[in-house]
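Enquirer: One letter stands for each residue in the lines below.
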Amino acid sequence: MPDQVLFAMEVMLNGLMAGVLYALVALGFVLIYKASGIFNYAQGVMALFSALTLVGIMEGQVPFSHLINAIFGTDIHHFGWHVPALVAIILTIAVMILFAWLVQKVIFRHLVNQEPILLFMATIGLAYFLEGFGDLMWGSEIKRLDVGLPQGINEWIDLTTFEAFGYGFFIDNLDISATIVAIFLVAGLIVFSQYTKQGRALRAVADDHQAALSVGISLNFIWVLVWSVAGFVALVAGIMWGAKSGVQFSLSLIALKALPVLMLGGFTSIPGAIVGGLIIGVGEKLFEFLIGPMVGGATENWFAYVLALVFLVFRPQGLFGEKIIERV
Amino acid sequence: MNDMSQGNYTTADGRKIGNTLMEMKNITLRFGGVVAIKDISFDIHEGEIRAIIGPNGAGKSSMLNVVSGFYHPQEGEVWFRGEKRPPMKPYEVARLGIARTFQNIALFEGMSVLDNIMTGRLNHMKSSMFSQMLWKGKAEREEVENREVVEKVIDFLEIQAIRKTPVGRLPYGLKKRVELARALAAEPKLLLLDEPMAGMNVEEKEDMSRFILDVNDEFGTTIALIEHDMGVVMDLSDRVVVMDYGKKIGDGTPDEVRNNQDVIDAYLGVSHD
Numbered sequence: 000m001p002d003q004v005l006f007a008m009e010v011m012l013n014g015l016m017a018g019v020l021y022a023l024v025a026l027g028f029v030l031i032y033k034a035s036g037i038f039n040y041a042q043g044v045m046a047l048f049s050a051l052t053l054v055g056i057m058e059g060q061v062p063f064s065h066l067i068n069a070i071f072g073t074d075i076h077h078f079g080w081h082v083p084a085l086v087a088i089i090l091t092i093a094v095m096i097l098f099a100w101l102v103q104k105v106i107f108r109h110l111v112n113q114e115p116i117l118l119f120m121a122t123i124g125l126a127y128f129l130e131g132f133g134d135l136m137w138g139s140e141i142k143r144l145d146v147g148l149p150q151g152i153n154e155w156i157d158l159t160t161f162e163a164f165g166y167g168f169f170i171d172n173l174d175i176s177a178t179i180v181a182i183f184l185v186a187g188l189i190v191f192s193q194y195t196k197q198g199r200a201l202r203a204v205a206d207d208h209q210a211a212l213s214v215g216i217s218l219n220f221i222w223v224l225v226w227s228v229a230g231f232v233a234l235v236a237g238i239m240w241g242a243k244s245g246v247q248f249s250l251s252l253i254a255l256k257a258l259p260v261l262m263l264g265g266f267t268s269i270p271g272a273i274v275g276g277l278i279i280g281v282g283e284k285l286f287e288f289l290i291g292p293m294v295g296g297a298t299e300n301w302f303a304y305v306l307a308l309v310f311l312v313f314r315p316q317g318l319f320g321e322k323i324i325e326r327v
Numbered sequence: 000m001n002d003m004s005q006g007n008y009t010t011a012d013g014r015k016i017g018n019t020l021m022e023m024k025n026i027t028l029r030f031g032g033v034v035a036i037k038d039i040s041f042d043i044h045e046g047e048i049r050a051i052i053g054p055n056g057a058g059k060s061s062m063l064n065v066v067s068g069f070y071h072p073q074e075g076e077v078w079f080r081g082e083k084r085p086p087m088k089p090y091e092v093a094r095l096g097i098a099r100t101f102q103n104i105a106l107f108e109g110m111s112v113l114d115n116i117m118t119g120r121l122n123h124m125k126s127s128m129f130s131q132m133l134w135k136g137k138a139e140r141e142e143v144e145n146r147e148v149v150e151k152v153i154d155f156l157e158i159q160a161i162r163k164t165p166v167g168r169l170p171y172g173l174k175k176r177v178e179l180a181r182a183l184a185a186e187p188k189l190l191l192l193d194e195p196m197a198g199m200n201v202e203e204k205e206d207m208s209r210f211i212l213d214v215n216d217e218f219g220t221t222i223a224l225i226e227h228d229m230g231v232v233m234d235l236s237d238r239v240v241v242m243d244y245g246k247k248i249g250d251g252t253p254d255e256v257r258n259n260q261d262v263i264d265a266y267l268g269v270s271h272d
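Top line first, the protein sequences correspond to chains A and B. Per numbering that gives the first Met the number 0, numbering through the first sequence is continuous, rising by one, with the last residue being 327. Per numbering that gives the first Met the number 0, numbering through the second sequence is continuous, rising by one, with the last residue being 272.
Accuracy of the hints is not assured; some may be wrong.
[As the list claims (entries may be wrong)] Calculated Cβ distances over 12 angstroms to all of chain A for the following chain B residues: (1) Val-33; (2) Glu-91; (3) Thr-164; (4) Glu-202.
[Claimed, not checked] Below, a list of computed lysine-lysine pairs in the BS3-like style, where the Cα atoms sit at most 27 angstroms apart: (5) Lys-33(A) with Lys-125(B); (6) Lys-163(B) with Lys-142(A); (7) Lys-15(B) with Lys-33(A); (8) Lys-125(B) with Lys-104(A); (9) Lys-104(A) with Lys-88(B); (10) Lys-15(B) with Lys-163(B); (11) Lys-33(A) with Lys-188(B).
[As the list claims (entries may be wrong)] What follows is a set of in silico ranges between Cβ atoms, one per label pair, in the way DEER data are often shown: (12) Glu-76(B) with Phe-71(A): 53 to 61 angstroms; (13) Gln-113(A) with Tyr-266(B): 51 to 59 angstroms; (14) Leu-101(A) with Lys-24(B): 53 to 61 angstroms; (15) Phe-183(A) with Lys-163(B): 41 to 49 angstroms; (16) Gly-167(B) with His-109(A): 27 to 35 angstroms; (17) Lys-24(B) with Ala-93(A): 54 to 62 angstroms.
Just so you know, these hints were derived from the structure itself, not from any lab. Idealized CB from N, CA, C, for every residue including glycine.
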């Protein structure tokens, strides 16, 4: 096989892996949007915040240490213990559930039946608040996150492809784990929404609030639940991005790549988020590889958005979104 | 001769009517300066079909919304099963065993008929989320039991043929029936029907009337219904409350109500002065 084709294949595979991460972030958006019609701009920051919290707990960091030290003139930063990854993950999930409850209690409870644009503005506010809060709570330096996932080149793939094509593919073990975790996460979400009482209630709320109330579903409970699940998805995305490139504040910007993913896949479709993520991931890597050199590179910054724009023109509801029909 | 207004009697067609299930005491509901319901009291006996009728804008739907917790009256008390009910959210009322349908149909359009009706069983499911995800033991038994109830309701309302159809694709008359099925699946102690025949043709109205009677007869479900169309109601109900301009102008058996001068005036449109 010619080298060019092999390179392109490798690029495509890496694109798929990157796409999985985009899909993970997009999934969090879809969950909340479906259940409450809120486009949650803060989803990316939630990924950042959960990753920060996870690292903080694992390292035994004292939360708000800067604040405490400034007020009391002390000099404490660490508790001096280390928490195992699994325990820290469970604690972080608890923090995200508390966060979901607070968001519902303090913000969205009071905004029921408001215009979507108002809800959207509220999530923008929430995003910047949470970013600042995360900074205050855990500090702003870049942190290394290692929850014990395998890292580095996958030797087996490298060797096998080398023997087959005379060229070894470079695939990161971390990307492979991310893919596996994502598959389990999505399977879990599907089982949850199809086979549990809460999942059925969630679908009911997504469909019709009034009807949901009449069969005894508490909207508040469902919204806390869905924000908790979105928080959990954010944590998974945060772990994967964090392990890849360190936990840093640019994480919340990367998350905005989920926007074109959603335009492509449809805002209300879980399969759409996944397929959209993969298309964007592969598309931008391949485009950079094939066309990038001709236009001076750095196409990854804008390619996804342009692709989404083209899609918007021809299929405004996205690949899997519900078709918008206005009856006259 | 039993006094029907006190409950505890057997109807001419052999149905047993029990004690008071629900009592509304001096309910007044205002929206800003507008008085939707003015000092209305009435009761509902166990096992009866109770109708609330009145011309457009009489406050019937508001009354039903008070019973189901969607509106909260400024004055008055709601008693249910011998206890005064504190102000409750609609979902809490539903959990008490009061199911309802809506005048303009509130179904889950994107879900199948079966899934819609299954939502009526949500409050009968007790097993934990994780055992349901793993489909184990208690969760599986529960799912099977709930499915049995739902299948019974589906058979009863003769909607077997459309059980897998997404509700959004159904014609209006069938949607109304699915909504009734969902409410029935909850095995409610009190079933509230908000204009169950609205917008139906004669044949559909007859079907619906038959289902309402059969539900009451077969399951002994207490039913309170609102209707605009006086004719249908008179054949269906044991007792009727008549409302006009937010006030109660009549209460009694269909015959009593039919001969009530205020009711005749309200329906024939005598000027209010």
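Enquirer: Each of the hints needs a verdict: does it hold here or not?
Expert: Verification of the hints:
1. Val-33: Val-33(B) is indeed farther than 12 angstroms from all Cβ atoms of chain A, at 20 angstroms.
2. Glu-91: Not fine: 8 angstroms to the nearest Cβ puts Glu-91(B) too close to chain A.
3. Thr-164: holds, 15 angstroms
4. Glu-202: holds, 25 angstroms
5. Lys-33(A) with Lys-125(B): holds, 25 angstroms
6. Lys-163(B) with Lys-142(A): Distance ~51 angstroms between Lys-163(B) and Lys-142(A) Cα, so the pair is violated.
7. Lys-15(B) with Lys-33(A): Violated - the C-alpha atoms of Lys-33(A) and Lys-15(B) are around 47 angstroms apart, more than 27 angstroms.
8. Lys-125(B) with Lys-104(A): Holds, at about 26 angstroms.
9. Lys-104(A) with Lys-88(B): holds, 16 angstroms
10. Lys-15(B) with Lys-163(B): This hinted pair is violated, its Cα atoms lying about 37 angstroms apart.
11. Lys-33(A) with Lys-188(B): The given pair, whose Cα atoms are some 33 angstroms apart, is violated under the 27 angstroms limit.
12. Glu-76(B) with Phe-71(A): 53 to 61 angstroms: Since Glu-76(B) and Phe-71(A) have Cβ atoms about 55 angstroms apart, the given range 53 to 61 angstroms holds.
13. Gln-113(A) with Tyr-266(B): 51 to 59 angstroms: About 41 angstroms separates the Cβ atoms of Gln-113(A) and Tyr-266(B), which means 51 to 59 angstroms is violated.
14. Leu-101(A) with Lys-24(B): 53 to 61 angstroms: Given about 40 angstroms between the Cβ atoms, the range is violated.
15. Phe-183(A) with Lys-163(B): 41 to 49 angstroms: violated, 29 angstroms
16. Gly-167(B) with His-109(A): 27 to 35 angstroms: Once the Cβ atoms are compared, 32 angstroms apart, the range 27 to 35 angstroms for His-109(A) and Gly-167(B) holds.
17. Lys-24(B) with Ala-93(A): 54 to 62 angstroms: violated, 46 angstroms
Checked against the numbered hints above, the structure breaks hints 2, 6, 7, 10, 11, 13, 14, 15 and 17 and satisfies the rest.
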